[in-house]
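> Protein chains in written order, with numbering that gives the first Met the number 0: chain A, 0 to 474; chain B, 0 to 126.
Calculated from the structure, these hints are not laboratory results. A hint or two may mislead.
[Claimed, not checked] Each computed EDC-like pair below joins lysine to aspartate or glutamate, with the alpha-carbon atoms no more than 16 angstroms apart:
1) B:K26 / B:E116
2) A:K128 / B:D5
3) A:K127 / B:D5
Now for the letters of each chain:
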Amino acid sequence: MEIFMFIMFMSTNLFMILILKYSCDGNYHYNNGMILGVHIPSEHSGDEAVISLAQKEYKNFKRFLIINIILSTASCLLIFLNMIISLFVYIIWILGFCAAISILSVSSHRRMYSVKEKNGWIIESQKKKVFIDTRVSAEAGKSELSYRYHIAIIIAEIACFLPFISRRAYGYFETIAIFFVCSLLISAVSWLMHIYVNHNERTVYSENSELNRIVNRTVKCYKGASMLVLSASNAAAWIYAAIAVLISRRLTGTTVCVYILIELFAAFAFIPILIAGIRRKSELLSANPAPIYVDDDEYWKSGFYYNPDDPHMLVPNRLQSGNYAFNYANRGARIITAGLTVFIAASFIFTIAVLVPFVNVKVDIRTDNSHLHVDAAGYSSDIDMNSITDVQILNELPDDGFSKINGGATDTYLVGRFKGNTYGYCNLYIYTGHTPVLMVKTDGETVFFNSDIDGKLQEIYDELSHNKQSSSQFR
Amino acid sequence: MIIELDMSSDIPIYVQLRNQIVKGIGKGELKADEKLPTVRQLAADAGVNTMTVSKTYQILKNEGFIRTDRRLGAFVADNIDMNKDFCEKLEAELELLSAEACITGMDKETFLNMCSEVYSRMNPCTA
Chain A
0 MEIFMFIMFM STNLFMILIL KYSCDGNYHY NNGMILGVHI PSEHSGDEAV ISLAQKEYKN
60 FKRFLIINII LSTASCLLIF LNMIISLFVY IIWILGFCAA ISILSVSSHR RMYSVKEKNG
120 WIIESQKKKV FIDTRVSAEA GKSELSYRYH IAIIIAEIAC FLPFISRRAY GYFETIAIFF
180 VCSLLISAVS WLMHIYVNHN ERTVYSENSE LNRIVNRTVK CYKGASMLVL SASNAAAWIY
240 AAIAVLISRR LTGTTVCVYI LIELFAAFAF IPILIAGIRR KSELLSANPA PIYVDDDEYW
300 KSGFYYNPDD PHMLVPNRLQ SGNYAFNYAN RGARIITAGL TVFIAASFIF TIAVLVPFVN
360 VKVDIRTDNS HLHVDAAGYS SDIDMNSITD VQILNELPDD GFSKINGGAT DTYLVGRFKG
420 NTYGYCNLYI YTGHTPVLMV KTDGETVFFN SDIDGKLQEI YDELSHNKQS SSQFR
Chain B
0 MIIELDMSSD IPIYVQLRNQ IVKGIGKGEL KADEKLPTVR QLAADAGVNT MTVSKTYQIL
60 KNEGFIRTDR RLGAFVADNI DMNKDFCEKL EAELELLSAE ACITGMDKET FLNMCSEVYS
120 RMNPCTA
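Take these sequences, add in the hints, and give me the full structure.
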């Protein structure tokens, strides 16, 4: 389990850092009339002030990447010590990483803009210019790779879920439903992104209309292909999981592992196509005979795009190639950013609040005033002894295909709400590997628990059995 | 063709758009029967209201430079004829340009040479 988690987190981290390197690397070199996201007249692109600043910032960027490779590896190694603590560290690292990369790129952009301002390289007449290529504009929505292919993928995903509608009582149903919803959401987002790209890739790079047409079509093809690969690989992961569960009638750890591996492949396959697209675009534009120069840097001077005259909410990101940026002069962009910030912050707080009790899991079992209390890691069951319908001491937890609804399930414990194929919804407070296990049933709930204290479970069992006999005699 | 709009200019956007498209047709950058962007598309690219582009297309259509189809959109006209209205409009514009040249001291020969040079840059395509 730990090794699998380590490989999964480590490969994701390294991949994320690699993507960042590829999407930001081009900013540090003079490309399309820009360096560090700032337009610099070509005759000044080799000036000492520009080159030295770009080189200094590039060194900082490389240093940042190396530091983060070390930090992410360290956070992943913590998995072998304590999984929950490593998750805390990972969350802190990822937040710090995102904040630091934004600060790094924005600050270097601002420094380059200051150089431009100081040297008077701002061309006032070019500030308010808009260029439109009629051929590119007339081809909006058209692409060699139609977004309609996504419909077939989505239909296949829905078809694989249909057999589970009649299997709602099975323990795996909730998990399978989550897999299906996630898969459907990813495919739907890919589909929408493909439509967006086909309609909105119409940038004017050159005075040569044919070059603009070729570059925009190429970008549409690569981005569309990456969306299709992402959607198809994601669908493959879901279809595999659905078929495996339908055949074996349970959701095994192997199925989940293979599902995660295929999902990882989806990410690994989607990004290289995007990177190949960025490279191809750069190749095509390197032969640009007449680049179009619009000095709109004023709207980017803060590092974020703010142009009240531009009605677009999303624009190509200047600081991260292949990405998009919000126009913060647009009210919708501000609302979406605020909403996303609140959502992400709430998710992190919620995750931490849920994980804290799992740092050191202790199953606490006690009886008082004819009540049985079992609690662990923030989950608890309070059972009236008089309402107990069945008490059994078992050699081990029944093999009922228990599937976690919420709570924690690791190699050392199973705590929280679970669902079994025959027992239905149950509360589990189990130290994995400890025997015996006590099953307590009432009309409303079934609880399985054990203890790491020798003889404790037998003592509880005797008390519950005695109480049950007494109440039967009394009746 | 590349349309260049200056948002800080005193010339209204619909006039700039109209003039650029006419120049594009004249220079052969827009070919006869070539599809033009839809009103919505052009408005989105220019960052202006759709009514502005609609007005431009209406003017171009009335002048006979483009034709429109409800389903297929706007196209460059394949047969642009010189009619009486056009001659009158051209004469009025030439009168204004001649007056401006004359007032600023440009002699007739220089003015005619300039006209000839600009005219020779035109290369309209036919269907």
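> Now look at each hint and say whether the structure bears it out.
Quick rundown of the hints versus the structure:
A hinted pair counts as satisfied when its Cα atoms are at most 16 angstroms apart, and B:K26 with B:E116 qualifies at roughly 13 angstroms. Only pairs whose Cα atoms come within 16 angstroms are accepted, and A:K128 paired with B:D5 is accepted, the gap being roughly 5 angstroms. Pair hint A:K127 plus B:D5 holds up; C-alpha atoms about 6 angstroms apart against a cutoff of 16 angstroms.
When the structure is compared with the earlier hints, no violation turns up for any of them.
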